[in-house]
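> Sequence:
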Amino acid sequence: MADGGETTYPYHWMRESGLADLLPSLPDTVWVGLSAGSMALTPRTGPDFVHWPSAPDDRALGLVDFSIYPHLDHEQMPSNTMADAERWAADLAAPAYAIDDQTAIKVTNSTVEIISEGHWKAFPA
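Last residue of the sequence shown? That's 134 in this note's numbering, and every number before it is there in order.
Any given hint might turn out to be false.
[Claimed, not checked] Quick list of the computed label-pair ranges, beta carbon to beta carbon: (1) Ser63 <-> Pro133: 28 to 36 Å; (2) Glu84 <-> Leu31: 36 to 44 Å; (3) His60 <-> Ala99: 15 to 23 Å; (4) Ser88 <-> Asp30: 28 to 36 Å; (5) Asp82 <-> Thr38: 26 to 34 Å.
Worth flagging that the hints you see were computed from the coordinates, not collected in a lab. All C-beta atoms in this analysis are idealised placements derived from N, C-alpha and C, irrespective of residue type, glycine included.
Work the whole structure out from these sequences, hints included.
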């Protein structure tokens, strides 16, 4: 099981509060997410990142068209290895990125830009 925050819980409350419905109508808004906050914008987190018992599955908001594996090779998260990220991505069978804590993903009008002083890997569909 991969370490990291719980994405399905904030996703649930974004839907429940109406924020999820509001976000697509805010095209000029900058959304900054860290870890689970970033993963909440993706279509799926992958089952490894589902820890909330009430989560029906690994779905998230789907505001971007790729999934994120955060904290790649983090010293306090020994199971967040590149090999684990590769297995995770293969199970998703969708576009995804594994990123370390020195990497950010910027999306502007559906254009993806990786900003990094660390290491990351793109997994095509």
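> Does each hint hold? Answer for all of them.
We went through each hint and held it up to the structure:
no.: 1; hint: Ser63 <-> Pro133: 28 to 36 Å; result: holds, 33 Å
no.: 2; hint: Glu84 <-> Leu31: 36 to 44 Å; result: holds, 38 Å
no.: 3; hint: His60 <-> Ala99: 15 to 23 Å; result: holds, 21 Å
no.: 4; hint: Ser88 <-> Asp30: 28 to 36 Å; result: holds, 35 Å
no.: 5; hint: Asp82 <-> Thr38: 26 to 34 Å; result: holds, 31 Å
The structure meets every hint from the earlier list without exception.
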